[in-house]
Amino acid sequence: MENHSHEEHGHEHHGNFWTTYIFSEDHKVIAKQFLITGMIWALIGGTLSVIFRLQLGFPNANLSWLKPLLGGWITAEGKIDPEFYLALVTMHGTIMVFFVLTAGLSGTFSNFLIPLQVGARDMASGFMNMLSYWFFFASSCVMFTSLFISTGPAAGGWVIYPPLSALPQAISGSGLGMTLWLVSMALFIISSLLGSINYITTVINLRTVGMSFTKLPLTIWAFFFTAIIGILSFPVLFAAALLLIFDRSFGTSFYLSDIYIGGEALPNEGGSPILFQHLFWFLGHPEVYIVLLPALGITSEIISTNSRKPIFGYKAMVGSMLFIAVLSFVVWAHHMFVTGMNPFLGSIFTLLTLIIAVPSAVKIFNYVTTIWRGNLRFTPAMLFSIGLVSFFLTGGITGLFVGNSAVDIQLHDTYFVVAHFHLVMGAASFFGMVAGVYHWFPKMFGRMMNDKLGYIHFWITFIGIYMVFFPMHYIGIAGFPRRYYTWTNFETFGGFTDLNMVVSISAIVSVGAQFIFLFNFIYSIFRGKLAPANPWQSNTLEWTTPRHPQHGNWPGEIPTVYRWPYDYSKPGAKEDYIPQHIPFSETPESNLPHESELIKLEGIDNTMRVEEKKHH
Amino acid sequence: MENAVDLRLVEEPKKPLAMNPKKFGMWLFLATVMMLFMSITSAYIVRQAEGNWVYFELPPSFYITSFIIVVSSITMHWAYRASKRDDLAKARLHIAITSVLGVAFLVGQFIGWVELVQANVYLVGNPSGSFLYVITGLHALHLISAVVFLLIMLVAVFQGKVSARNMTKMEMCTTYWHFLGALWLYLFVFLILYR
Numbered sequence: 001m002e003n004h005s006h007e008e009h010g011h012e013h014h015g016n017f018w019t020t021y022i023f024s025e026d027h028k029v030i031a032k033q034f035l036i037t038g039m040i041w042a043l044i045g046g047t048l049s050v051i052f053r054l055q056l057g058f059p060n061a062n063l064s065w066l067k068p069l070l071g072g073w074i075t076a077e078g079k080i081d082p083e084f085y086l087a088l089v090t091m092h093g094t095i096m097v098f099f100v101l102t103a104g105l106s107g108t109f110s111n112f113l114i115p116l117q118v119g120a121r122d123m124a125s126g127f128m129n130m131l132s133y134w135f136f137f138a139s140s141c142v143m144f145t146s147l148f149i150s151t152g153p154a155a156g157g158w159v160i161y162p163p164l165s166a167l168p169q170a171i172s173g174s175g176l177g178m179t180l181w182l183v184s185m186a187l188f189i190i191s192s193l194l195g196s197i198n199y200i201t202t203v204i205n206l207r208t209v210g211m212s213f214t215k216l217p218l219t220i221w222a223f224f225f226t227a228i229i230g231i232l233s234f235p236v237l238f239a240a241a242l243l244l245i246f247d248r249s250f251g252t253s254f255y256l257s258d259i260y261i262g263g264e265a266l267p268n269e270g271g272s273p274i275l276f277q278h279l280f281w282f283l284g285h286p287e288v289y290i291v292l293l294p295a296l297g298i299t300s301e302i303i304s305t306n307s308r309k310p311i312f313g314y315k316a317m318v319g320s321m322l323f324i325a326v327l328s329f330v331v332w333a334h335h336m337f338v339t340g341m342n343p344f345l346g347s348i349f350t351l352l353t354l355i356i357a358v359p360s361a362v363k364i365f366n367y368v369t370t371i372w373r374g375n376l377r378f379t380p381a382m383l384f385s386i387g388l389v390s391f392f393l394t395g396g397i398t399g400l401f402v403g404n405s406a407v408d409i410q411l412h413d414t415y416f417v418v419a420h421f422h423l424v425m426g427a428a429s430f431f432g433m434v435a436g437v438y439h440w441f442p443k444m445f446g447r448m449m450n451d452k453l454g455y456i457h458f459w460i461t462f463i464g465i466y467m468v469f470f471p472m473h474y475i476g477i478a479g480f481p482r483r484y485y486t487w488t489n490f491e492t493f494g495g496f497t498d499l500n501m502v503v504s505i506s507a508i509v510s511v512g513a514q515f516i517f518l519f520n521f522i523y524s525i526f527r528g529k530l531a532p533a534n535p536w537q538s539n540t541l542e543w544t545t546p547r548h549p550q551h552g553n554w555p556g557e558i559p560t561v562y563r564w565p566y567d568y569s570k571p572g573a574k575e576d577y578i579p580q581h582i583p584f585s586e587t588p589e590s591n592l593p594h595e596s597e598l599i600k601l602e603g604i605d606n607t608m609r610v611e612e613k614k615h616h
Numbered sequence: 001m002e003n004a005v006d007l008r009l010v011e012e013p014k015k016p017l018a019m020n021p022k023k024f025g026m027w028l029f030l031a032t033v034m035m036l037f038m039s040i041t042s043a044y045i046v047r048q049a050e051g052n053w054v055y056f057e058l059p060p061s062f063y064i065t066s067f068i069i070v071v072s073s074i075t076m077h078w079a080y081r082a083s084k085r086d087d088l089a090k091a092r093l094h095i096a097i098t099s100v101l102g103v104a105f106l107v108g109q110f111i112g113w114v115e116l117v118q119a120n121v122y123l124v125g126n127p128s129g130s131f132l133y134v135i136t137g138l139h140a141l142h143l144i145s146a147v148v149f150l151l152i153m154l155v156a157v158f159q160g161k162v163s164a165r166n167m168t169k170m171e172m173c174t175t176y177w178h179f180l181g182a183l184w185l186y187l188f189v190f191l192i193l194y195r
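Protein sequences appear in the order of chains A and B. For the first sequence, the residue numbers in my numbering are 1 to 616. For the second sequence, the residue numbers in my numbering are 1 to 195.
Careful: at least some of the hints might be erroneous.
Cross-link-like lysine-lysine pairs, in silico, DSSO-like; alpha carbons within 27 Å at most [unchecked claim]: (1) LYS22(B) / LYS90(B); (2) LYS574(A) / LYS215(A); (3) LYS215(A) / LYS23(B); (4) LYS529(A) / LYS452(A); (5) LYS574(A) / LYS600(A); (6) LYS22(B) / LYS215(A).
None of these hints come from the bench; they were simulated from the model.
Please build the complete structure, drawing on both the sequences and the hints.
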């Protein structure tokens with residue numbers, strides 16, 4: 001799949017092609033493997049969405065021209081098969097949430113940035129890191145295969161609620177397709193856990209001299225919290241999936257009870273489908289933040305660098321991420337307000353859910369105040385980061401509506417919810433990922449991406465995404481339910497035909513715009529302008545490595561860290577940035593009084609450490 | 001290039017926590033195992049609260065296996081202490097005893113399943129029985145992996161790869177064994193309390 005994709009022009013002196021690019025233990029190569037695989041998945045997921053948007057926007061169109069691609073899934077009348085439509089939305093959700101925005105985002109940037117920004121030679125365990133990618137690859141292969149089997153891929157929604165997903169008799173997608181989905185997700189969970197264990201261990205144990213927790217870039221804080229959330233929540237999904245596997249394959253009744261098919265009762269007695277929802281959403285909600293936090297971390301870094309200002313409220317940023325991480329575990333039942341849950345319990349979950357607005361608002365406030373009166377540099381990465389803040393705000397506000405148990409009775413499972421989570425989690429995280437690629441591309445490939453194409457990509461995508469998801473709020477409030485194949489039979493929704501058409505056209509344009517990015521990406525790997533050592537005049541440690549860092553990252557010693565990563569536009573300083581490895585003794589002109597005090601420690605600290613070393 | 005930095009600095013990154021990354025990773029792995037069992041046991045509670053829950057006695061052999069696993073933790077600790085003192089003969093003996101006890105535990109768990117079947121409690125049926133099979137089965141799978149780990153350690157001791165100065169793997173193995181023992185005790189008490 002990606003054998004050809006991550007060639008780098010560096011020269012590893014040891015190791016052949018296979019150990020350098022394929023079975024590599026170098027975190028930078030593994031990061032690129034995650035990125036390329038994630039991009040391929042993003043293309044597949046995007047294509048699926050275009051196909052079902054065609055159905056929703058143009059319900060009467062003849063789609064028989066898609067026959068070469070979809071074959072039997074297009075009916076004789078040139079329509080998309082209704083069951084295949086369900087498979088399309090299911091796979092779109094699964095692919096985007098797990099394969100693109102979890103593995104593609106966290107896998108890429110945690111792997112790439114953690115060792116480079118904390119000052120480590122590599123991850124704590126390169127071997128486990130390699131395993132993490134290859135489990136993901138195996139998981140990808142299984143999921144990819146499921147797209148091509150005759151009964152179709154899983155079609156019970158990405159949340160795979162039983163009994164629909166548990167009974168092969170229910171829909172054809174719940175047969176082999178669902179089995180492959182579960183196998184794939186089991187492999188995915190292993191991959192994610194291996195990755196998370198490595199990220200946490202590296203951040204805690206392998207920081208360079210002087211890199212205290214208060215000097216960590218916010219990216220690292222975000223990846224750190226993400227990994228902790230992953231460690232705590234993915235095993236729960238594993239348990240949920242395991243019990244579902246038992247129900248499907250071994251005849252147990254964890255989730256099944258009193259089911260009649262064709263007038264005949266199934267033997268399953270005593271199960272509870274709601275139990276699955278509890279287990280699923282105990283992962284499912286933290287998963288939202290697994291997807292979002294890395295994007296927020298990336299944005300913090302990019303916005304500060306390109307505003308040439310210290311991030312506003314560093315500690316508040318860390319605190320709010322911690323708060324979000326904690327809260328993410330106690331709000332899961334807000335996905336289940338209409339399952340007949342105790343209204344009092346509903347109020348508690350409403351309250352806890354609405355509290356998340358506080359740390360989220362802190363973050364948005366800090367982003368805006370960082371940008372406020374900064375010397376803004378509108379690089380493509382900066383634009384995408386600002387776009388993220390915009391989506392996070394508009395999508396977050398609707399969270400106040402759907403998070404409310406009373407309002408949710410009307411809005412549950414409508415396009416309002418679709419609009420909400422696509423903006424706040426889908427588009428925001430996607431923008432974080434793209435911003436990260438634009439920003440760290442020079443470090444990854446030693447070349448620059450084209451700015452102009454980046455601007456075109458940004459504006460089409462930004463406007464396109466709003467045109468896709470903003471109208472969905474209206475459609476949703478009008479009551480149109482999600483996952484419905486068609487609504488032409490309902491008089492009520494007749495007035496929304498045009499709006500749906502607009503949405504579909506915007507979706508197609510937005511997906512199309514990603515090819516500009518793809519072209520820019522591939523072209524720049526080979527033909528881009530050579531990148532200077534520190535193209536964005538950034539403070540973090542990764543820019544102190546050579547243009548093509550080899551395995552081990554720094555040719556000499558790992559730099560020592562003396563200051564926090566956000567010394568931008570410090571009054572009195574010669575330049576508007578002071579990287580983290582510059583000692584205070586070299587910048588007497590800009591030191592604050594307490595920093596000048598630290599100069600004395602710098603020498604002592606090192607001699608002490610040298611002595612320590614002699615003893616060993 | 002900015003990487004021509006301060007020449008005074010030392011190459012090895014300071015270890016801010018005095019913990020070996022491997023051991024630390026091990027603890028994180030244990031956290032994931034803990035979460036797995038936590039979620040299944042809480043699913044058990046949630047499901048039980050909904051009623052339609054068939055009552056049955058826990059198989060008697062579980063009491064014996066609980067005793068075995070406690071004893072095996074003691075012998076494991078002796079093995080750990082012996083290898084810390086470089087007393088390899090004793091370490092070998094105690095690791096071997098622990099492995100045998102581990103296998104005895106697994107056999108006992110299997111006998112427990114046989115007893116369950118004799119009491120007409122099957123994997124397929126009311127979830128109260130299914131849960132018991134899944135919980136004990138998952139624990140047994142983890143214990144098998146720990147026995148494999150023990151055998152690896154046994155070979156390592158024979159090859160002289162374990163010594164007072166090379167204890168990382170031995171410590172990890174000990175941690176894992178104690179963890180699984182404690183986990184079983186938790187599960188056992190849980191199963192007694194929530195019938």
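Hint check:
no.: 1; hint: LYS22(B) / LYS90(B); in the structure: 26 Å, holds
no.: 2; hint: LYS574(A) / LYS215(A); in the structure: 22 Å, holds
no.: 3; hint: LYS215(A) / LYS23(B); in the structure: 25 Å, holds
no.: 4; hint: LYS529(A) / LYS452(A); in the structure: 13 Å, holds
no.: 5; hint: LYS574(A) / LYS600(A); in the structure: 22 Å, holds
no.: 6; hint: LYS22(B) / LYS215(A); in the structure: 24 Å, holds
Hint compliance for this structure: every hint is met.
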